Amino acid sequence: MSTKYSSGKKIIFVFLIFTVVCGLACSQQPIGQSNNLTGSSGSGTVSLLGKGASFPDPIYKKWVSEYGKVNPNIRIDYQSVGSGAGQKALLDKTADFGASDEAMSDEDLKKGDGEILHIPTVLGAVVITYNLADVKEPLKLSAETISDIYLGNIKKWNDERIKKDNPNLTLPDTDILPVYRADSSGTSAVFTDFLSKTVPAWKEKVGANKQPSWITGVGTGAPRNDGVMGQVKQTPNSIGYVELTFAKANNLPTAQIKNKAGNFVEASLEGVSAAAASSVGQMPEDLRVQITNAEGENAYPIASYTYILVYKNQPDAGKGKTLADFLWWAIHDGEKFTKDLHYAPLPTEIVKKAEAKINSMTAGGKPLRQ
Amino acid sequence: MTTLTAACAVFAIVILLIILSYIAVRGITSINLEFLVDTPKPVGEGGGIGNAIVGSVMMTLLATLIGLPIGIGAGVYMAEFGNNWFGSTVRFISDTLIGIPSIIIGIFIYTLVVLPMGRQSGLAGGLALAIIMIPIVARTTEEMIRLVPNSMREAALALGAPQWRVIWNIVLPAASAGIATGVMLAIARISGETAPLLFTALNSRFYNYFFDQPMSSLTVQIYNYATGPFDIEHNMAWAATLILVGLILTINIAVRYLTRKRF
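Going down the list, the sequences are from chains L and S.
Residue numbering for the first sequence follows my numbering, starting at 1 and increasing by one per position.
Residue numbering for the second sequence follows my numbering, starting at 1 and increasing by one per position.
A portion of the hints provided could be inaccurate.
[As the list claims (entries may be wrong)] Partial chain L-side listing against chain S, Cβ under 10 Å, derived:
1) S47
2) S54
3) K61
4) E66
5) N73
6) D77
7) Y78
8) T94
9) A95
10) K163
11) V242
12) F246
13) A249
It should be emphasised that the hints constitute simulated quantities derived from the structure, not laboratory data.
For clarity, every value in this text was computed on a predicted model and none was experimentally measured.
Just so you know, even glycine gets a beta-carbon here, dropped at the ideal spot from N, CA and C.
Excised from the complex, chain S in its bound form (with noise of 0.2 Å):
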């Protein structure tokens, strides 16, 4: 028996490696500086992923900025006034959310941001975005805070702390470790999406810095880059590939880190 979960463990991680190693061979040999700093241009003359990273980061950001507090207010609610009807079916609901196609998120923004405005935007990407994130935050946060032991709860409650001093000065900080793994594990997830981005912030071939343009991203220009007629092309969509890998990667390495202590 420990043979054969052992032989799955290593099959595990082997495909793992093999897919990282792989990226990393086809992608290594195109980036440079060029690449990273460039805009996409016309095959045969060079060109790279420079707006697509700055892109990126910035829908990602806009993501967070939005889908943190909703989404820990939310988890906040569940863990500690939750068990009600409401709680449930909020539970339930956001489930069911995590489930979701998140094409399907994109094309619910395409019709609540992108008609009206008359354009795909970085806006309708960061929010498309942000909708994927809530309930995973959500979910975790109360995971999270259901772990913290009710004797604190009791112990602060007991000092004459009004309740939402409990929840702020002795719950968060308590589960703020374990939130912050699921945001950043949240994080890794939405800048890793394709589909919600190619309907709502589309791509452009500029930098761009304002919200309110189509906007590009890694994933969505790997997508393009993949998708063409040209090896070269190819070859810029293996490199863009392992520059977003090792971008989730760090992500991920950077929480298993901070968070080793609790394991």
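Isolated chain L (complex conformation) (with noise of 0.2 Å):
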């Protein structure tokens, strides 16, 4: 009895110690670090939060970081949590912005408290990598063959229909691996989007979604984008699709893809670039807009927008004009740092429709930005 009363007070006496530590360790104010919070009443410390679609997340903390230091008294923060669940804090309004990959459908819009922007920020690309170990050129891949590795049509590396477009290459006999995302994903989105605009029987068996349904018993789903590049790297004889800042980040094979145009064209910036260049004629008033199967010589067929999505009339003057500011300063100021990052600028004919959208945003019917 004696032992454990006094082994028990031990316990609640460490605990005590453990809790104070804590505490101390809290209350410890590193140097150089604001303590003011929320909001724009009072201590002129203007806080925002942002979520949404992890693609852009690399530029956007990017952003975030350098326009704190050009602005020590605004803190604001980039959550990645995905294109859906940023589309949805919009809507919740748990997030003073939110970020897709996807433009809003007219119906997800109509549930929101006002009108909807959608401001692009920059571009990027989804990317077809592979595992083959012997395979050391570039793979060249059509919309056609793509589809028909995940519908299933095609099951041999050394296929026909693969080796057309690859006469160089000694294509291995042995079984393809298809790798999909098994999450709700913009990447999905957008790879879904170029198959569904270029291949009839993929628009009916599949079509274009954040999260299709994908034909059973061909491949395997994997979480994520490190998801999918994890499965594609460990497994041989495997295909996945990711976007071009993963692929870039870790030196992934890349597959040149067929264009309309009827280029092989690689993943890359350039490509990037070419094809928002060439779609800029056909921007909707809304800039909500899918840029795959581009027209150009040199348009990489599977790229995108991203998009920072802020309601129009913004419910706090103070937090309304910080963040019309610094949405002006990325699509400006912000664009600089793109190349690093692997992301493409927009194209200048964009950044001015984005400023009109930017300049349009209001508080209690005051424009903000004059």
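Hints are included, so try docking the two chains, each in its own frame, into the full complex.
Below, the structure written as structure tokens:
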């Protein structure tokens, strides 16, 4: 009894010390960190929170950090939770701005508490990566071939339909293991949009969706970009699709994709910019657009804009002004950070259109940027 | 038979050692003082997990402050007064609650706290962790109190002590070592949770000392670093994992050390 009692006391004592130490650790303010928080009222510090797509996460992290250096009294945080969750956060109002690779649907836009603006920020691409040990030169694939692989019509790497586009490569007589995104993802949306536009059979059987219903028995699913990348890296004879940033940062082999003009184009920032440039004319008024399968000799066909989503009429004038100023900074000064992080900057014409959108933001009926 | 079971025992230990040493090897190179105090930064600029450590500790403390009294109280009730339909219902529900995947608790708190508040917060994260903690603490408390011999209660009652005094001064102190073990294990368990925090506390790139704002935690930060495109982020994820495993291991070892006389 007495030993039990004393050891119990000891534990409580240790627990108390733990609490006190933690309390001390919490209260210690690191140098250079502002302790000011929320809102525009009072303190002069404005906090904004954005949530959404994981694809632009590296560049948005860079932007909020750089913008914070220029404006020390502004704290903007961006958390990547996925395109779908980003749209939902805006509708639920659990974030000051959302982010999504895919434009919001008309149906979802109606659920919003007021008009929602799509501000394009940067461009990215989806690349096809594969694991073929003996293939050193880039594989060439057309939309039909990719579609047939994911529909289960092409089962072997040395299938005539693949060989036709790759006469110089010796392709193995092994089964193809397609890997797809198991979770809801903007990457899947862009990938399936490209195939839906180009292959009628794909449009009929799978369609374009963030989380399409994949053909049963063909391939395996993996979560997130890193999941697909890991699966392809570990599995010989597999094929998968990931964002360009992932491919570039990890030196993955990427296939050249046949574009609308009939050329096989490597996944590159130039190819993405070319796709953006050729589709500038088709940009609708609300800037919601898919630029897959774009015109142009060098256009990379599986490219897309990524958007920041904001309410046109901001609930708080102080926060709204900060958000509008940040967006303005992002599409101008921010674009210079794109290259190092493997994104393509917006074409000049689109920057102009985005400027108009930002200038149309209001709070309580008053424009925020005049 | 002895050889076979011994082989199984060795196998179990070897797996643990392999996991620990692999984490140590991958993580140790990225750990330095800057990493321990800095906030996350854009890729290529370093950055660390200082705010995540603080956030994790704060939310664990909040969860403990809420979960401990409720859990112990419920445990006392079940052991001392719970031999009726209500007691067995509570017991059954506690057991079910222990088995519920923690992400569901995250969604529950998201609906209950995050949506009305209009933002994710450390408070929501702490509440989600508290809900995970309560049934674990309640059940261990109950088990430990049931081990206290009835003769002790009878002796105290015979001396004229009221029931609350018997529980407070005789039963609880006698069971305290066991209860403390349960509490420490519950703390170790919740400090390793990611899923309930993803929806509730979210994450933050700033040091945050207020529970009404999104709060960073080690586990969510590991998740973010590990799923990023860049190798340098993956290394930081390993380092953060090492820190987290170190913290949990310290708690576990402390419990074992302090309660070793009982076994």
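- Query: Hint by hint, which ones does this structure get wrong, listed from lowest number up?
  - Reply: Numbers 5 and 10, in rising order.
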